[in-house]
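K.L.:
Required output: the full structure, derived from the provided sequences and hints.
Each chain is listed here by its residues.
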Amino acid sequence: MRVLISPREAFKRVKRDFSREDFDQRSEQLIERVIRFINLLRRNRLSVHISNEIDAIHALSLVDINDPFQFYLALKTCLLTSYAQTVTFNRLYLQFWGTGPKLKKPTDSDEEQSEQDEKTVVFKKQDESPSEDQSRKGSTRHSTIYEEVPTFTYSAAETLRKKDFEEITQSEVALLEEVFKRLQIKIKEKKGRRFRPALSGRMVDLRRTIRQSTQRGGEIIDILKRERKPKESKVVVLADVSGSMDAYSRFLIKFMYEMQRFLRDTETFVFGTRIMRITELLHQRSVSTALAMVSKQVLFWSGGTDIGGCLKEFNEKHGGRYMAQNRILVILSDGWDKGNINELRLQMISVKRGFKRIIWLNPHLKYENYSPLCMGMATALPYVDHFLPCHNVETLEKFLEVVKQI
Amino acid sequence: MKNVSATERIKKALKKRKYICDDELAFSLYLAQHLEKPLLLEGEPGVGKTEVAKVISEVLDRKLIRLQCYEGLDATSTIYEWNYAKQLLKIKAIDASHNPQFHLEDIFTEEFLIARPLLMALQGHEKVVLLIDEIDRADEEFEAFLLEILSDFQVSIPELGTIHAEHRPIVIVTSNRVRELHDALKRRCLYHFIEYPSPEREMEIILSKVPQVKKGLARKIADIMATLRGYDFYKRPGVAETLDWSESISLLSKEDIDEQTMDMTAGCLFKFREDVNRYKEVKGEVLSPPEDDSAGTD
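Chains A and B are the protein sequences, given in the same order.
Sequence positions in the first sequence follow our numbering and run 1 to 406.
Sequence positions in the second sequence follow our numbering and run 1001 to 1298.
No lab work stands behind these hints, which were simulated from the structure alone.
Treat the hints with care, since some could be wrong.
[To be verified] No more than 25 Å apart at the CA atoms, straight line, and that leaves these computed lysine-lysine pairs for DSS-like: (1) B/1086 with A/225; (2) A/296 with B/1280; (3) A/317 with A/356.
In this text the structure is predicted, and so the values were computed from the model without any measurement.
P.N.:
Here you go:
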């Protein structure tokens, strides 16, 4: 039965059930256990602030703690602060309170608890040595067994940042997408020389202030402010999706998808034997749809490469629209080129002239002794301002740093 | 002995105002009211986050003060501002009358203060419900303004002192998760995520909001909505869209939904051309399985 009672009522009820000291002792035990639970959450990277902790304990006095559903909801409402953490919270909750809050009828709540927690995912246990596991199960089940829970997600994300895209397994793709989402893709930091009106700030916009004061008989009422307009470098990405880039293109397109979401006016093209604008295709709500549409519509996926020809096509067809001095050209390619070398050189010269900077991202730069041996790369390199690797998340972060500096 | 459950009571009261909510939300509201803490509601667009605050203010018969957040929102338009024009007039008037009793502090009194929504919510003698809508649209700096108000229910005005709330307002903060909110703000709030309603509950919502619709049809609408939300749309239809749709179906005085009706009313559900196209692609699939679906869920 889910009955909610007023705090006074709850107190009376509990007082009726136990003698005074007994009650104090029991509530103390409960609080201690709640605190242990909160510590468990903290160890699992759920940030619980002390004020939330106090709230949670306060909330427990407002609910019927014999009802597992209310108990669960009270803790969840007070302690959880983000939807993304719900699954972790539920897992830890079930793990910790799996036997239900032990104040009164333990067996009763036991059953209900497991029913209530339908959303909880199956949790994996730490790889403990079997003997230790056995002894713990036997004796100290309620005290120490929960204390050493490893954190799966974050450390996994950490190693994933350094992992080569080539070695990413199918099971890690979802996690990688999360990592991409959390990348700090903001490059607007650098302030330019021009001004724009602002709501607040240190610089007074004298011209606008005076102008406004004339409307009010020369009385200066509001002091209007101005600020430096952030200089936005827009990015144009040309991504190689030919066969030699197969291991990377899938992830790099996901990365571009995220870039396009956060950087205004980012333009994305893919090339192989021909070039195609996919900016619109990436304007989808989900990455998977975007990726599916791209692979459906790009007919030259996993084909050969003709960088020179593609650049020529880009210059002729799109160059006029997207080439500008406030734009950075990013070319994602390993430089394996089957096209005409002279053509490539000519086109590199023309894009070098049209764009502010050229960044070349090459996954093969991960090899320490890499040297641009293939003709394509060797030809293009003199015209490139920044030559960077892009084989894992970490290097992509470095790339973003470079863009920020420009 | 009183045996009325508070969640049930809240649910019933909200239902009377045509807001159908589940146990979890009712419980969060109960806690928010008794712990006197703001409640942060997140969820997909159109699941009724804003509506909660409106209905609560009706139920408790309190005034609703609403603050719609937008980019560039700042303290002067949300908390308070000095009425400069009036202050200047006062100075001029005093200048003209050559009153020696005048002190500069006299123009920094409540008389010259323009209370904006947040201060208004704390100031009055009556109890209010404060709705801070779509906080994720405001800049991150704006969250900092809210901290003092949300944790201590007070506003510090340098020239005047601190204004405390006589009655703590019930505060509902909503967010569409466009960006993550700062931890400092989050920890001052209780948190609840509103999910899309189950088909049973959605049917109830349709029946209470659009009474012209018959029960069987409402059930079918709810089932179709549940199926539609499983597809990958740019913007998935929320409950608000369901209600629009139900209403237009009842306007067409249809007893059943066929493909033609779905075509005619596509605009109620989807607001993007790509989504409408996709919807037209899948409408056949969506229409056919409801029987199996309802069999599965019942």
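K.L.:
All the hints need checking, so say for each whether the structure fits it.
P.N.:
Hints versus structure:
no. : hint              : verdict
1   : B/1086 with A/225 : holds, 22 Å
2   : A/296 with B/1280 : holds, 20 Å
3   : A/317 with A/356  : holds, 19 Å
Checked against the numbered hints given earlier, this structure breaks none of them.
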